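Dock the two chains into a complex; use the hints.
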Amino acid sequence: MDIYLPIAEMSVHWLVVLGLGGAVGFLSGLLGVGGGFLLTPLLIFVGIPAPVAVATTASHLTAAASSGALAQWRNRAVDLKMAAVMTLGGVLGVLMGVWLFAALRRSGQMDFAVSASYVLLLGAIGTLMLRESLRALSLARAGAPERAHPPARHLWIHGLPFKERFPVSGLYISVIPPIVIGFAVGTLSAVLGIGGGFIVVPAMIYLLRMPTNVVMGTSLAQIIVVTALTTVLQAVNNHAVDLVLAFFLVTGGAIGAQLGVHAASRLRGEHLRLLLALAVLAVAGKLLADLVSAPDDLYSVAASGA
Amino acid sequence: MSRLALAAFLLALAPSPAVCSENLVSGLSQDTIQITSSYAGAEIVVFGAIERPQPRRPDIVVVVRGPSADMRVRRKARMAGVWINRNRVVLRGMPTYYFAAANAPLERIAPRTVLEQYGLGLAALMPRSTMGRHDPEPFRKALIRHQRRAGLYLQEDGAVRFLSGTLFRVRVPLPASAPRGRYLVEVYMLREGRVIDARSSWLSIDRTGLERRLYDFAELDPLPYGLCAVLMALALGWLSSLAFRRME
Numbered sequence: 001m002d003i004y005l006p007i008a009e010m011s012v013h014w015l016v017v018l019g020l021g022g023a024v025g026f027l028s029g030l031l032g033v034g035g036g037f038l039l040t041p042l043l044i045f046v047g048i049p050a051p052v053a054v055a056t057t058a059s060h061l062t063a064a065a066s067s068g069a070l071a072q073w074r075n076r077a078v079d080l081k082m083a084a085v086m087t088l089g090g091v092l093g094v095l096m097g098v099w100l101f102a103a104l105r106r107s108g109q110m111d112f113a114v115s116a117s118y119v120l121l122l123g124a125i126g127t128l129m130l131r132e133s134l135r136a137l138s139l140a141r142a143g144a145p146e147r148a149h150p151p152a153r154h155l156w157i158h159g160l161p162f163k164e165r166f167p168v169s170g171l172y173i174s175v176i177p178p179i180v181i182g183f184a185v186g187t188l189s190a191v192l193g194i195g196g197g198f199i200v201v202p203a204m205i206y207l208l209r210m211p212t213n214v215v216m217g218t219s220l221a222q223i224i225v226v227t228a229l230t231t232v233l234q235a236v237n238n239h240a241v242d243l244v245l246a247f248f249l250v251t252g253g254a255i256g257a258q259l260g261v262h263a264a265s266r267l268r269g270e271h272l273r274l275l276l277a278l279a280v281l282a283v284a285g286k287l288l289a290d291l292v293s294a295p296d297d298l299y300s301v302a303a304s305g306a
Numbered sequence: 001m002s003r004l005a006l007a008a009f010l011l012a013l014a015p016s017p018a019v020c021s022e023n024l025v026s027g028l029s030q031d032t033i034q035i036t037s038s039y040a041g042a043e044i045v046v047f048g049a050i051e052r053p054q055p056r057r058p059d060i061v062v063v064v065r066g067p068s069a070d071m072r073v074r075r076k077a078r079m080a081g082v083w084i085n086r087n088r089v090v091l092r093g094m095p096t097y098y099f100a101a102a103n104a105p106l107e108r109i110a111p112r113t114v115l116e117q118y119g120l121g122l123a124a125l126m127p128r129s130t131m132g133r134h135d136p137e138p139f140r141k142a143l144i145r146h147q148r149r150a151g152l153y154l155q156e157d158g159a160v161r162f163l164s165g166t167l168f169r170v171r172v173p174l175p176a177s178a179p180r181g182r183y184l185v186e187v188y189m190l191r192e193g194r195v196i197d198a199r200s201s202w203l204s205i206d207r208t209g210l211e212r213r214l215y216d217f218a219e220l221d222p223l224p225y226g227l228c229a230v231l232m233a234l235a236l237g238w239l240s241s242l243a244f245r246r247m248e
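Each protein sequence line maps, in turn, to chains S and D.
The first sequence: position 253 = 253 (our numbering), numbered continuously.
The second sequence: position 19 = 19 (our numbering), numbered continuously.
Footprint (simulated), chain S over chain D, 3 or more residues, beta carbon under 8 angstroms: (1) 61 to 74; (2) 79 to 87; (3) 171 to 185.
Under the rule of at most 16 angstroms between Cα atoms (straight-line distance), these lysine to aspartate or glutamate pairs were calculated in the EDC-like manner: (4) S/Lys-286 <-> S/Asp-111; (5) D/Lys-76 <-> S/Asp-296; (6) D/Lys-141 <-> S/Asp-296.
Since the hints were derived computationally from the structure, they do not count as laboratory data.
Please read all numbers here as calculations on a predicted model, not as lab measurements.
Yeah, the Cβ is synthetic: ideal placement off N, Cα and C, and Gly gets one too.
Pulled out of the complex, with its shape left as it was, chain D reads as follows (with noise of 0.2 angstroms):
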């Protein structure tokens, strides 16, 4: 699917008449990932191309961004012997999940503050806002380690593979605790340091079959569904002790 999909891009890239300029097209292997039953998580591969590429090739970079939220981040002190939690920071406007591929290490292809501007790296990765009263910057850093334990915030630099001369691409490996919603997918094109063109996709994640009648179930009918649990647990509970009796 991935390869027909990749096929028919490249067929439509057609040379066109030169003009001065290079600039960048981009596809996704797969714009929607539905959740079933047996759901472990997914994998996208991202590519493009340049097109009337220079002699000397430019910097790509892949990011990759879940839904945001708001990310409360709490730090624990000792008190009294016991650790509890003493401070608390929210970061506004976090992405559940994070993702970001270059062709090469993102400090070698953009000073620092490009890639701040455009996002681009998890050190470059900023709250839309804080709330509270301790310095941000610890808590911060706390979240994208927490978040890289996980497998939800991830760098992969040197992961975009130049298949040929123009011609990229990139694996994007996407955990099942990866949150559902749309994913915001962005390519990059660098030179010298600076952004030169870019462009943006957007992939879906849902469930489907029974594990989305559930979920609404369980979303929109609490009380009927709270009932069903329990009646199940019932229903198993005298199933298997009629079972054992039977086996006497």
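Chain S extracted, bound-state conformation (with noise of 0.2 angstroms):
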């Protein structure tokens, strides 16, 4: 059966938009990523005009993050004060992105800018993770102990000031290097209709030296906050929030996370990680494809009101 979308103005069939955000939700609970930079291309394949697919997948990646976030904070994988500190960040660069996104969509290279920031991030942070697996699993096969822990080498952010403690990922660091993930993340948020995890988490690891059974949950509640006001600016400036596009997405998402996130406590981390550096180097690849090659029609058009 179709259902009609008022905002985006088109019907879709239910199941289609049921079993999109039911997919990309299970990826979300599975890797503790939001899973935006997978659905909201996909949106815009089956039809949905892109200024709703981006808004829309905002409230998405809340409703899929916070179901996350439950399911962790109750396996007590969630470090509230990093997730706090982070935000901080984030809400500042939420605010950036719109601005970033309306100047962009003036000059007319919105779609060129969206997919090249796509393919720049997601080819350098999808090669690096899976390098990085690829070496853990070798090194398990090999029969290696499993270290918690990355090598802790003395990196630059150790020498940053403002150092506070973070008990439950057992860190004593300077607050700069979260904030600015934060900022990062919720610029690209706000522009590329992403939560940003697939960011977040490999920063906290590689970055942080968070221990990785509190990266998803504390990246999860930090991507609450930050899709929950891409959400509500987006409603304020763009008036392009599908509530009924949502509200599949979400019922969808809900369920997927919660499978994902089952699935997850029985698939070991180095699996996780190679799983997610597949996933984020198969959209850069098709994405790169897209730019370089020659495209069907030359022309593209975009109605404004008369």
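Right, dumping it as structure tokens:
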């Protein structure tokens, strides 16, 4: 049965959107990422206008992240203090991103900017993660004991001021790196319609050196706030949040996320990171191919009010 | 419903005293389309009749235009290995939806100048004005191609069917993506390439019920609307995590 989406102004089969929400929610619960980097392009692919896809994905991410974060909370795998510090930067980042979004739209290079940033970001992060998880896997296969922490090298990060204790993560570090990471992710959230988990998770593991078991929950807790703010700002500025679409995405996503969290507890950390790396690289490859290959139609159309 | 309207309409066509010229009457199967939660597009029937027909049947062209808009058409070019938008032309006052049908191929019904004068057919569909430094013609063609792919521009030569010597009708498909607003329905009667009579009427597409209320909410109270979206997301996330905990 088709349902009509009042803001997107189109009709779509309800199973399509429920299934999309569920599949992306599953990844979200499994990998601790929002999955927006998959959902936004998929929604555009089924014909949802890009601004509606970006804005409505944000509210889907809020639900998937809150469902996942609650499950992680019960496993005591959320560092609330770290999440709060990152959210501080995130809020500033979202405000910056909304401004950037409007500027890019005026220049007519929105699509290119979005695709190119996706390719650069996803390509770099995916490659890094793939290399690391393959090394960890081959180490594990060779019989070496798995290390709970990455090697405690002294990074430049540890020389920064404003140090704080984060008991849940067992860290004593400056608040500047988490705030900067939060800011960068907030900006990307507003411009690209993503939660930013695929950046936050590696940043927490490799830059902040947080223990892997609290990374997922903390990342999800931070994503809740950033995406909730993005939803509200998109609703106010662009009138682009479709509640009917959001309802179906969210319902599918919330269920998918729960299944994902359960699946995650049965998989090993290296396998999870390998999966995430492959998902990230696949999206980057597809977007790069679209940028360099000759388009089917050189022309694109956007209507504006009479 | 549409059959009833057609019947009523036919009854109204009582033979009138002979006047020298033939003329046209027309109607729509419905003049408002309501968008509900299961709306997946609609179809209306435009019908009409020729009064005081001459021995030889005239040609009929039916045109439906959606609300007009300024269309920004961008052309990509290859730069440093990637394809990016380079050139832009704005086509002002193009319809968001356009349908043209006739009882025969349009180019056989009337010469080009007449088709262009009345905007009959996609080839004669011109913007009110254009903005941009490039030749607008390829951009206009690209817009028509784009809208045809989306099912929003249609031209169906031969779709106007005569049910008798004087009575005709045509089905007009309106996809779900056809925008809301007022649609102008025009029926032209031509003979030897000249328009001898025309009738026009309005059709409106609008949301109703929940769809209407949601849209008004989003447009008029965007802040509470956004907060509602967040609350719904949080509540559903919480509910699902609760439901799954019970199942364990």
